[in-house]
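Student: With these hints in hand, go ahead and build the complete structure from the sequences.
Protein chains: 2
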Amino acid sequence: MTLLLSNGDVDRLLSMRECIDALDLAYRDLATGRGTDRRRSDSFVAGPSEGSLYSLKSMDGIAPAFGVGAVRIDSDVVTWPTRSGNARREKVPAASGGRFVGLVLLFSSETGEPLAIFPDGYLQRLRVGATNGLAADRLARSDARTVGLLGSGWQAGGQAMAICAVRKVERIRCYSTDREHREAFAREWSDKLGVAVEPVGSPEAAVRGADVVLCATNTIDNVFFERWVEPGMHLSSIKRPEIEPAAIRRADRVVIHARDASPIHVVAAGIDVPEVREGKGWKLLGEIDFASLPQLHDVVAGTVPGRARADEVTCFLNNIGRGYQFAAAGGALYRKAKAAGAGRELPTEWFTQDVHP
Amino acid sequence: MTLLLSNGDVDRLLSMRECIDALDLAYRDLATGRGTDRRRSDSFVAGPSEGSLYSLKSMDGIAPAFGVGAVRIDSDVVTWPTRSGNARREKVPAASGGRFVGLVLLFSSETGEPLAIFPDGYLQRLRVGATNGLAADRLARSDARTVGLLGSGWQAGGQAMAICAVRKVERIRCYSTDREHREAFAREWSDKLGVAVEPVGSPEAAVRGADVVLCATNTIDNVFFERWVEPGMHLSSIKRPEIEPAAIRRADRVVIHARDASPIHVVAAGIDVPEVREGKGWKLLGEIDFASLPQLHDVVAGTVPGRARADEVTCFLNNIGRGYQFAAAGGALYRKAKAAGAGRELPTEWFTQDVHP
Chain A
462 MTLLLSNGDV
472 DRLLSMRECI
482 DALDLAYRDL
492 ATGRGTDRRR
502 SDSFVAGPSE
512 GSLYSLKSMD
522 GIAPAFGVGA
532 VRIDSDVVTW
542 PTRSGNARRE
552 KVPAASGGRF
562 VGLVLLFSSE
572 TGEPLAIFPD
582 GYLQRLRVGA
592 TNGLAADRLA
602 RSDARTVGLL
612 GSGWQAGGQA
622 MAICAVRKVE
632 RIRCYSTDRE
642 HREAFAREWS
652 DKLGVAVEPV
662 GSPEAAVRGA
672 DVVLCATNTI
682 DNVFFERWVE
692 PGMHLSSIKR
702 PEIEPAAIRR
712 ADRVVIHARD
722 ASPIHVVAAG
732 IDVPEVREGK
742 GWKLLGEIDF
752 ASLPQLHDVV
762 AGTVPGRARA
772 DEVTCFLNNI
782 GRGYQFAAAG
792 GALYRKAKAA
802 GAGRELPTEW
812 FTQDVHP
Chain B
462 MTLLLSNGDV
472 DRLLSMRECI
482 DALDLAYRDL
492 ATGRGTDRRR
502 SDSFVAGPSE
512 GSLYSLKSMD
522 GIAPAFGVGA
532 VRIDSDVVTW
542 PTRSGNARRE
552 KVPAASGGRF
562 VGLVLLFSSE
572 TGEPLAIFPD
582 GYLQRLRVGA
592 TNGLAADRLA
602 RSDARTVGLL
612 GSGWQAGGQA
622 MAICAVRKVE
632 RIRCYSTDRE
642 HREAFAREWS
652 DKLGVAVEPV
662 GSPEAAVRGA
672 DVVLCATNTI
682 DNVFFERWVE
692 PGMHLSSIKR
702 PEIEPAAIRR
712 ADRVVIHARD
722 ASPIHVVAAG
732 IDVPEVREGK
742 GWKLLGEIDF
752 ASLPQLHDVV
762 AGTVPGRARA
772 DEVTCFLNNI
782 GRGYQFAAAG
792 GALYRKAKAA
802 GAGRELPTEW
812 FTQDVHP
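Chains as they are written, first to last, in this note's numbering: chain A, 462 to 818; chain B, 462 to 818.
No wet-lab data here; the hints were simulated from the structure.
Take the hints with a grain of salt, since some may be wrong.
No copy is singled out in the list; a pair is fine if it fits within one copy or between any two copies.
[Said to hold, decoys possible] Below are the DMTMM-like pairs computed for lysine to aspartate or glutamate, each with C-alpha atoms no more than 25 Å apart in a straight line:
1) LYS799 to GLU810
2) LYS797 to GLU810
3) LYS653 to ASP815
4) LYS653 to GLU511
5) LYS799 to GLU687
6) LYS799 to GLU631
7) LYS552 to ASP472
8) LYS797 to ASP750
9) LYS552 to ASP815
10) LYS552 to GLU810
11) LYS799 to ASP482
12) LYS797 to ASP815
13) LYS629 to GLU691
14) LYS799 to GLU479
15) LYS653 to GLU736
16) LYS552 to GLU571
17) LYS653 to ASP721
18) LYS629 to GLU649
Tutor: Take a look at the structure:
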């Protein structure tokens, strides 16, 4: 049977710690080249309304440690409104019922057959969080207690979960541009994490004296600046432009997620995509030589060292998602789902065929 | 609702003529750049048995003429045995019940939502046939009556259907290495097409005097040679190595399917993939300058001329599949399925989500 799982199943079945462990295991295969990761591609055509685009995104990976291949697909109507002075990429919930469309398909690398299908939303956040968590595990001071969090949206929750999974965090100071939103976030996550999450009125108040700074915004502008860097800090980002290039250059040790950092963009004629257009969203590439930076999987495998001294400034740039993460985290999720008897069983015959295509 | 269709539905709903018409319409958008086509990627890791590999293949496309995006995925255990002296790529039916795994997912470019899911086997053949049929429509002599067919497998049937959809074919002479197989093919397709399909004992007997030569094998060796070229012939191939480079150079007019002809290969360390290895399967690339050849969509749109004289030798190389074909043909299929009330309706909510991933 092929398992159809929901976001609720993902949330219930796979903890952040388990997701970090899955990446920790699988990334060793990435370091030795045993696993494969197919670079993300984004295709764009004109969207259904003025200023909107239709975006079809996919990425693949095969994780031998879990015996699975994964394809992750996002099918979105996208807009780029300006909020609080920052340009943001926003998906429009244009599917029936005001919903979004993102799917992960998991396949067995032993038989080829489809093992599971599930929405990508929860696993997406888990694996982003787990990636930065895994990096923090190798790069943040072992006695890190105080976290500055920039952002209070969907990904900010994942980042908070992840740092709490790898360090004995005592306090998270959270800043985001919308006061009500950051206050609601602080209440929600104080409860969920059992850690004091405090809303603060400026980014400086969030990051001053922090052992770990987590950027978790959906802006395509810089949100953390060089003047805020302090000795011993670990800086962490989930989007390339969040950390000012000068701040990255101040770090003693910079690690990126993947060197193959440019998605394949397939853009229809006459279409202007803000993040593809030569512009500030991606200027970081021009100033930092990504190809010279060590990658997370090499740090995980131990072929590149992590933090060496307490006063070092370290920096992890989660510069692009990898299809491989969905294979690794999806593989761990699938094992747990099978063990728990979770999900809706669909006949595998629906998704297989008797012809050699 | 999201439609789950079967290969039987595809076979019943979409005729070869309709598939050719769908490509004819959609390829005009490809010529003007309005449609997008994301290059195929093949990922390989070690397979479950000695000499086998696990292959995860994907390709995407968005066809504005049908308002759909498509992702096509193949998840296969693959081997490369030698049959009758030729190396062949063969998929192992390793999924439960001895089945293969290939899927097409169709999405609306208006709402993002999943419109349909179906196995790729029948549409795969239809779109390959339709591509060569569309090319033959522009390149073969308008009075072509005699066809030489090399191959008697799954794709050969599609090629025979396609040429009969665009020309008043009177006779198809079929050669393949296995006598019983070509005789069975001839019986089956004579009935299906209402055209005399004759099995012959040599490739020369198939192609001599033919107006159209269709190569439809799964070999990675040359099967059609320069010495067989005759004035006025249209040569057609579904795999790069089928036609000897010298024969291609003899043609007055050569058209390829797509210039972006190299799949992205993501190969795990220590894995040897015969078709990726520098070797005869792909040597054509080194001898023919693909980047200088006109592409089918430009011929379809009329920006590059088709056949100009009766005695010209023309040649179409269906050198790689395109994700765009699944969007175009899948879009036409979906319209017919909706109109016919065909398929199994699955709740779209199974494949959508309320979180912004």
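Student: Next, verify each hint and record whether it holds.
Tutor: Checked hints:
1. For the identical chains of this complex, LYS799 and GLU810 are neighbours both inside a copy (19 Å) and across copies (22 Å), given an alpha-carbon limit of 25 Å.
2. Within a single copy, LYS797 and GLU810 get their C-alpha atoms as close as 23 Å, and across copies as close as 23 Å, so both meet the 25 Å cut-off.
3. For the identical chains of this complex, LYS653 and ASP815 are inter-copy neighbours only, at 21 Å across copies versus 48 Å inside a copy, given an alpha-carbon limit of 25 Å.
4. Taking the shortest alpha-carbon separations for LYS653 and GLU511, neither the intra-copy value of 40 Å nor the inter-copy value of 49 Å comes in at or below 25 Å.
5. Taking CA atoms no more than 25 Å apart as the test, LYS799 paired with GLU687 passes in neither setting, with 47 Å inside one copy and 57 Å between copies.
6. In the homo-oligomer, the alpha carbons of LYS799 and GLU631 never lie at most 25 Å apart, since the shortest distance is 35 Å inside one protomer and 57 Å across protomers.
7. Within a single copy, LYS552 and ASP472 get their C-alpha atoms as close as 22 Å, which meets the 25 Å cut-off; across copies the closest is 36 Å, which misses it.
8. Neither within a single protomer nor between protomers do LYS797 and ASP750 lie at most 25 Å apart by alpha-carbon distance, with minima of 40 Å and 51 Å respectively.
9. Only between protomers do LYS552 and ASP815 lie at most 25 Å apart by alpha-carbon distance; the minimum there is 12 Å, versus 38 Å within a single protomer.
10. For the identical chains of this complex, LYS552 and GLU810 are inter-copy neighbours only, at 17 Å across copies versus 33 Å inside a copy, given an alpha-carbon limit of 25 Å.
11. Proximity of LYS799 to ASP482 under the C-alpha cut-off of 25 Å is restricted to the intra-copy arrangement: shortest distance 18 Å within a copy versus 45 Å between copies.
12. In this assembly of identical chains, the alpha carbons of LYS797 and ASP815 lie at most 25 Å apart only when taken from different copies (23 Å versus 30 Å within one copy).
13. In the homo-oligomer, the alpha carbons of LYS629 and GLU691 lie at most 25 Å apart inside one protomer (20 Å), although the nearest pairing across protomers, at 79 Å, exceeds that limit.
14. In this assembly of identical chains, LYS799 and GLU479 lie within 25 Å of each other by CA distance solely inside one copy; the values are 15 Å within and 43 Å between copies.
15. Taking identical chains as interchangeable, the C-alpha atoms of LYS653 and GLU736 are never at most 25 Å apart, the minima being 34 Å within one chain and 52 Å between chains.
16. Taking the shortest Cα distances, LYS552 and GLU571 sit within 25 Å of each other only across copies (13 Å), while inside one copy they are farther apart (36 Å).
17. When the C-alpha separation of LYS653 and ASP721 is checked against a cutoff of 25 Å, the pair qualifies neither within a copy, at 35 Å, nor between copies, at 50 Å.
18. Within a single copy, LYS629 and GLU649 get their C-alpha atoms as close as 19 Å, which meets the 25 Å cut-off; across copies the closest is 71 Å, which misses it.
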